[in-house]
Amino acid sequence: MTQIKSTKWGEMICCVLYHLVKISEFGYEFTIPMAVDALEAWKIFQQNGTPYTAQDVIKICAGLYYFSDDNETIRIRSPLLEHYLRHEEFGREYEELCTTAQMRYLCKPEFSNGACTSSNELRERFKNNRYLWYAASMLAPNLHQHIPESFVSDFMVLSSSQGSIDSYLQATNAWPFQDEVTYNELEESSEYWNAFTRGFRPLHLAVHLSDSAPLIHALVERGEELEGRNKDGQTALHIAAQSQGECNALRALLSCGSNVSAVDENGETPLSLAIVWGSVESVKLLVEYGADISTVDEEALEMCTQEEPKIAKYLMERGIEMPVNDEADDSSTFSE
Numbered sequence: 001m002t003q004i005k006s007t008k009w010g011e012m013i014c015c016v017l018y019h020l021v022k023i024s025e026f027g028y029e030f031t032i033p034m035a036v037d038a039l040e041a042w043k044i045f046q047q048n049g050t051p052y053t054a055q056d057v058i059k060i061c062a063g064l065y066y067f068s069d070d071n072e073t074i075r076i077r078s079p080l081l082e083h084y085l086r087h088e089e090f091g092r093e094y095e096e097l098c099t100t101a102q103m104r105y106l107c108k109p110e111f112s113n114g115a116c117t118s119s120n121e122l123r124e125r126f127k128n129n130r131y132l133w134y135a136a137s138m139l140a141p142n143l144h145q146h147i148p149e150s151f152v153s154d155f156m157v158l159s160s161s162q163g164s165i166d167s168y169l170q171a172t173n174a175w176p177f178q179d180e181v182t183y184n185e186l187e188e189s190s191e192y193w194n195a196f197t198r199g200f201r202p203l204h205l206a207v208h209l210s211d212s213a214p215l216i217h218a219l220v221e222r223g224e225e226l227e228g229r230n231k232d233g234q235t236a237l238h239i240a241a242q243s244q245g246e247c248n249a250l251r252a253l254l255s256c257g258s259n260v261s262a263v264d265e266n267g268e269t270p271l272s273l274a275i276v277w278g279s280v281e282s283v284k285l286l287v288e289y290g291a292d293i294s295t296v297d298e299e300a301l302e303m304c305t306q307e308e309p310k311i312a313k314y315l316m317e318r319g320i321e322m323p324v325n326d327e328a329d330d331s332s333t334f335s336e
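Those letters in the sequence shown? Residues 1 to 336, by full-length UniProt numbering.
Please keep in mind that the hints were generated in silico from the structure rather than gathered at the bench.
No residue lacks a Cβ here, since even glycine has one placed at the ideal position from N, Cα and C.
Just to be clear, a hint being listed does not mean it is correct.
To be verified - Simulated restraints, written as ranges between beta carbons of each label pair:
| no. | residue 1 | residue 2 | range |
| --- | --- | --- | --- |
| 1 | THR53 | GLU25 | 24 to 30 Å |
| 2 | LYS310 | SER6 | 50 to 56 Å |
| 3 | ASN194 | GLY319 | 43 to 49 Å |
| 4 | PHE26 | GLN46 | 27 to 33 Å |
| 5 | PRO51 | THR7 | 17 to 23 Å |
| 6 | TYR84 | GLY163 | 39 to 45 Å |
| 7 | HIS87 | LYS59 | 25 to 31 Å |
| 8 | HIS144 | LEU80 | 24 to 30 Å |
| 9 | ASN48 | GLU191 | 40 to 46 Å |
| 10 | GLY223 | THR295 | 29 to 35 Å |
What the hints assert, rightly or not - List of simulated lysine-lysine pairs, DSS-like, C-alpha gap at most 27 Å:
| no. | residue 1 | residue 2 |
| --- | --- | --- |
| 11 | LYS43 | LYS8 |
| 12 | LYS59 | LYS127 |
| 13 | LYS43 | LYS59 |
| 14 | LYS43 | LYS127 |
| 15 | LYS5 | LYS43 |
| 16 | LYS108 | LYS43 |
| 17 | LYS127 | LYS108 |
| 18 | LYS313 | LYS284 |
| 19 | LYS5 | LYS59 |
| 20 | LYS284 | LYS310 |
| 21 | LYS231 | LYS108 |
| 22 | LYS59 | LYS8 |
Can you build the whole structure from these sequences, using the hints too?
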C-alpha cells in the first residue's frame, strides 16, 4: 500500500479500493460508473484538475481488480489484499472522509428539487448520479461508527433544503442501483421508489442520523420547529425517544422544550415508544421531564414486558403494574 500511495494515482486507487471493500460487507457490487462518480464526490482529480474517466480507472487499476465483460462490475483480485485492507488499512480516517464526501454529495443542486414522483424518474436520477444510492444508503451506518468534525456544518447545509432531505430519504429506502435491468426487475417485484417516510424536518433527520446534542442545539438556534411533524404525526422527540445509545439528542431536545406528551397519528407518545424500542435511560429522561407513565396503554406495557425486561423492572419500581409475561419464566423476567 505504501508503494501505491506514493504514485500520482495513489488517492484514486485507494478511494476505489475502499469502496470495493466497504460495499462487499453489505452484499452489493461496485461498478465503474459508481467509481467515477465517487472520485468526483471525494474531490479526487487528475494532476491537471480534470476528472477521472471510466477508461482511466480501468487502465490504471487493471492489475488490482477483476472487471466484468462489460467493464461495469469490479472486484478486488486478491482475497489476501481485501482482508488486509478491511482490517488494517481502512479505518477511522477513511470512514470520516467517506461520510464527509457523502453528505456533500447529497447536497448537490440537482437533488434540492425534492423526491422523484415516479419509479422511472428515480431510475433516471440514479442512472445520472451513480454514487447516489450508495451515498444515501451508507450515510447512517457510517455516522453510527464515526462522526467527522465537519458533520454539524455539513448537516446544516444538507438540511437547509427540504428537497434535499426528501431526495436523501427516497434514495436510502429505494432499491440499490447498479444497472437499469436489475433495477427494473427489483421495482417490478416490489416498488420501493415511494417507500420513504415523508415530512421529515431537519430535527427528524438529525436524530435519525446521529446522537449529536450540538447539532440539535444548532438547529434550534436556526429556528427549526421542535414540534414539527412528519406524515405519521411524529415529532423529533418520538424518534429520539427510541434511542438505545447515550441519548444525547433526546436530552438536548428535552432541554430545549420538546413536548413530552406529543401524540402521533397512531396514538403513540415518546414514552410509549421508548418503553418498547428505547432504553432505561431514555425512559428515565422522559419521566424526569414530565412524561406521565399512567398514560401508557396496556398493549405497550405488555410489549415492554416481553421485549425490554429492564425497562419493565424500572416501571415496576415506579409503581406501575406490569402485565405478566407468559413467554418467560417469572423468576428471570425482570432479572438484571
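Do the hints match the structure? See the list:
Take THR53 and GLU25: their Cβ atoms lie about 27 Å apart, and the range 24 to 30 Å holds. Take LYS310 and SER6: their Cβ atoms lie about 53 Å apart, and the range 50 to 56 Å holds. Hint check: ASN194 to GLY319, Cβ distance near 45 Å, so the stated range 43 to 49 Å holds. Between PHE26 and GLN46 the Cβ separation comes to about 30 Å, which falls inside the hinted range of 27 to 33 Å.
Range check, PRO51 to THR7: Cβ separation about 18 Å, and the 17 to 23 Å hint holds. Checked against the hint of 39 to 45 Å, the C-beta distance between TYR84 and GLY163 comes to roughly 42 Å, which is consistent with it. With their beta carbons about 29 Å apart, HIS87 and LYS59 fall inside the hinted range of 25 to 31 Å. Between HIS144 and LEU80 the C-beta distance comes to about 29 Å, which sits within the given range of 24 to 30 Å.
Between ASN48 and GLU191, the C-beta spacing of about 44 Å keeps the proposed range 40 to 46 Å intact. At about 30 Å, the beta-carbon gap between GLY223 and THR295 stays in the expected band of 29 to 35 Å. Of the supplied pair hints, the one linking LYS43 and LYS8 holds, its CA atoms being roughly 15 Å apart against a limit of 27 Å. Between LYS59 and LYS127 the CA atoms are separated by roughly 23 Å; this keeps the pair inside 27 Å, and the hint holds.
Restraint check: the Cα-Cα separation between LYS43 and LYS59 comes to about 20 Å, which is no more than 27 Å; the hinted pair holds. Restraint check: the Cα-Cα separation between LYS43 and LYS127 comes to about 20 Å, which is no more than 27 Å; the hinted pair holds. Distance hint between LYS5 and LYS43 is fulfilled; the C-alpha atoms sit about 16 Å from each other, no more than 27 Å. Note on LYS108 and LYS43: the hinted pairing holds, with a Cα-Cα distance of about 13 Å set against a maximum of 27 Å.
Annotation: proposed proximity of LYS127 to LYS108 holds, straight-line Cα distance about 15 Å (limit 27 Å). Between LYS313 and LYS284, the direct Cα distance comes to roughly 12 Å. Compliance with the 27 Å bound is thereby established for this hinted pair. A threshold of 27 Å between alpha carbons decides the hint, and for LYS5 with LYS59 the separation of about 17 Å falls inside it, so the pair holds. Restraint check for LYS284 and LYS310: the C-alpha separation of about 12 Å stays at or below 27 Å, so the hint holds.
About 25 Å separates the Cα atoms of LYS231 and LYS108, which keeps this hinted pair within 27 Å; it holds. Between the alpha carbons of LYS59 and LYS8 the distance comes to roughly 14 Å, so the proposed pair stays at or under 27 Å and holds.
The structure shown violates none of the earlier numbered hints.
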